[in-house]
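Peer 1: Keeping the supplied structure of chain X fixed, place chain D upon it in accordance with the hints.
Chains X and D, in that order, give the protein sequences.
Numbering of the first sequence is given in our numbering, commencing with residue 1 and proceeding in unit increments.
Numbering of the second sequence is given in our numbering, commencing with residue 1 and proceeding in unit increments.
For the record, the hints were derived by calculation from the structure and aren't laboratory data.
There may be inaccurate statements among the hints.
[Unchecked claim] No more than 25 Å apart at the CA atoms, straight line, and that leaves these computed lysine-lysine pairs for PhoX-like: (1) X/K248 / X/K235; (2) D/K235 / D/K247; (3) X/K3 / D/K117; (4) D/K40 / D/K117; (5) D/K7 / D/K117; (6) D/K3 / X/K171.
Number of protein chains: 2
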Amino acid sequence: MWKPDRKNDQPLYQQIADDLERRISYGEFPPGSLLPSERKLAEQLGVNRSTVILAYAELRAIGIIESRTGSGTRVSKFKWGATPKHTPNWHRYVEGGSFLPNVPFLRRIREALQQDKTLIDFASGELASDLAPAQEINRLMEESSRTEYFGYDNPQGFVPLREALVSFLGKYRGIQTSASSILITSGSQQSLYLITQCLLAPGDAVAIEDPSYCYSLPMFQSAGLRLFRLPVDHKGVRPEDVRALYKKHRIKMVFLNPNFQNPTGRLLDPNRRSELLEVASELGLPIVEDDPFSLTAYDGVPPLPLKSDAPTSVLYIGSFSKIAASGLRVGWMVAPHSVVDRLSDARQQMDFGLSVVPQNLAAQFLMSPYIQPHLERLRMNLLYKRDLVIEALRNELRDLVSFTVPQGGLHLWCKIIPEVNDNKLLEEAIRNGVIFVPGSVYGSDSGFVRFTFARPKADEIVSGISKFAAALRSVLG
Amino acid sequence: MWKPDRKNDQPLYQQIADDLERRISYGEFPPGSLLPSERKLAEQLGVNRSTVILAYAELRAIGIIESRTGSGTRVSKFKWGATPKHTPNWHRYVEGGSFLPNVPFLRRIREALQQDKTLIDFASGELASDLAPAQEINRLMEESSRTEYFGYDNPQGFVPLREALVSFLGKYRGIQTSASSILITSGSQQSLYLITQCLLAPGDAVAIEDPSYCYSLPMFQSAGLRLFRLPVDHKGVRPEDVRALYKKHRIKMVFLNPNFQNPTGRLLDPNRRSELLEVASELGLPIVEDDPFSLTAYDGVPPLPLKSDAPTSVLYIGSFSKIAASGLRVGWMVAPHSVVDRLSDARQQMDFGLSVVPQNLAAQFLMSPYIQPHLERLRMNLLYKRDLVIEALRNELRDLVSFTVPQGGLHLWCKIIPEVNDNKLLEEAIRNGVIFVPGSVYGSDSGFVRFTFARPKADEIVSGISKFAAALRSVLG
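With the rest of the complex left out, here is chain X (with noise of 0.2 Å):
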């Protein structure tokens, strides 16, 4: 992206309203829209805040735009010559959609990060670049046979990749089935989308877990579905607990992730899980299943997941998002082939499917030798990372947070055991030089936080801790 160019003669602040001129003249800005303040300007083009306050005076100077106390600085409305007579109210057009935004944390959080590339970044539910297998990605996209043709895809996504996961989930996760039963969607965050959106009507009811990553997806409450908490405690979910709902509320659907659970790191307890199965076999409830963690279940045993033992109730979801690579978008739905129907068909209108040549990609890693080493190096790597963020969360807050130690997946989930403010934790932490998750974003009260160790680098950890347990302790003063 443009940032001005400190060899050139010109001064900074004349590059930036050049920029912005260009900017505003192309229609980015509109008349009567609202600029960057320049605080944020300011950081987007990493300049001294006095910068752009000399760049937005020269660009008021000759009427291009107009800074009113409190309200900001907006392109002006009638002196900008090539102005139309009446530009689009687009701000009521973004306020005025159905779709709900994302929650302000997370947009908070987004933002933060693209400003600032040094943030160590315990927030990003995703892998470090060390322990993606991009090595052996890159091999394959040069050895790999060449397409013939790059037209629209399957619309259940590509054959080859469907097949490769039919013995991938047999091998691996217990799962039998067949590629006609298997939905590609872009990640795990499609298949919810497409539930969601097909399956379900407004007013529905549904339960999900409490905290759950389900609460970071306003698309719930988009859908205008009804939500019900089932609280997780040190075994999971508590199966009387979802016929109650059922009994209470007549919940059409229950989204669990019961493996490592996301954020709480949580393992379904066996014997919770066939009670569980029991309940919505009687009731004849449909069961959502996300499982993107199992497979790094640190001691390389990974639990089951309930799809192997009730194929017909469960719809499935998978991706290579948290073992291999999220950039690759591949994930998948194993369900009945009515909902597999329904959801490609729907998926067509949206997007027109995904394009073949990620999905060829992830095929033929599935095939590889490479996989079964990398999962072996990812297993050992997170346990490693895991143990570096307990040993520095105890030296340096013992006495302030507690946790339960997890067996798996990417994150730790951590409560801060003094009162404190989600959001001046989080303001306070950036200003360090780190990032987390507020467990809010989650439904859980505030003072909890999820620390994402798969994502930062090992030697970042022990200071990215240290950097968060200053603005821990500046925060409670």
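Peer 2: Same frame as chain X, but now just chain D:
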């Protein structure tokens, strides 16, 4: 996908019965669910219907399935051993979601194309394999610099691709823009979807062309929009119609495909173009401009987009799908900052963004020396195919069809002069080995046909039109 093995000692019907039993036990067809009809399964597996009848009889004999006259063949609810007490009523879920399924004609076409690979395909709106730059893309894949990290992408899309598009759009489309005004999407389709979901609310009125690609997308109805028609004549839409719809229905947005419109192939007349921009500006009315075909202009002089003269009123949508490779799933929107921001935020919830791999290939293709010669070759070949289809139609059906000769694009919009039933014509054509899209899919009356001459190979066009002509004559009786 699985097919019975004719070299196997086991009879075909027994192989099919075993495969179905397996798929039923895996949950693909839960208890109570409908199995494919005998005819359909026979088509899918490439066997005689009598073989499927034997396979079903075998499964009936062991109690796994049940057939009742008039209601098809279903998986037994009670006799099937591994059945949970109650399977979710998947049928109710599939019917109950709020997102509408694709139009029946399009589902029929997809199904027919999947079942019979020998059909001559005038239906799929994409380039034939020999028109796509497959060699060039394969070469870029081999040569391309290694990707160091396959993590989640920037929510607005891959930065180098957006930067490459800034020069591409400036050079080829006369659009001055900046990387921060561009959102990369999964083809044009996802741009349209995001606009209907995020900028409009149920009950909003919008104007679309008549006929229009938009009618093929139940997404507009799923979003609860009220659709009003702008008839397309030989000069495109009439600006006064836009004004009238605004007065009468307070339309909030206009969806247009001004250049080589899909399906009519019409070009918006330059005078109407200026008037239209005048009206939109006067009313403060946003225009969504879908511009997939301009670069195919056979004379090599692509018509200007509306966007180039109305940067702040137009949401501009473009894509690789119709000019290079639909299978990359790379499209783009150029829009004011606030719109790009809102849409990319929402898209994060739907699919967590696109894969970096095809985006990187697209960026490299745009910056490579391949692009200009590719576009020239594409134009020449499309012109050649257009002439082939026109000559064939004139030879075969001179007095039965009428059409305007398009000057760009992938389609010929053809009126069948005698009265004809769309459905009968399509089914007869499929039986004859050729397929097309009936015009009613685009909201027109019965008796129009869209021939995508870009899709079949050149040597299939003449025989394809012959088969179509035979089907038409047979239906006309």
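Peer 1: So, for every hint listed, does it hold in this structure?
Peer 2: Going through the hints against the structure:
1. X/K248 / X/K235: 24 Å, holds
2. D/K235 / D/K247: With Cα atoms ~23 Å apart, D/K235 and D/K247 stay inside 25 Å; holds.
3. X/K3 / D/K117: Violated. X/K3 to D/K117 sits at ~52 Å, over the 25 Å cutoff.
4. D/K40 / D/K117: It holds: about 15 Å lies between the C-alpha atoms, which stays within 25 Å.
5. D/K7 / D/K117: 22 Å, holds
6. D/K3 / X/K171: 22 Å, holds
The structure fails hint 3 only (numbered hints given earlier).
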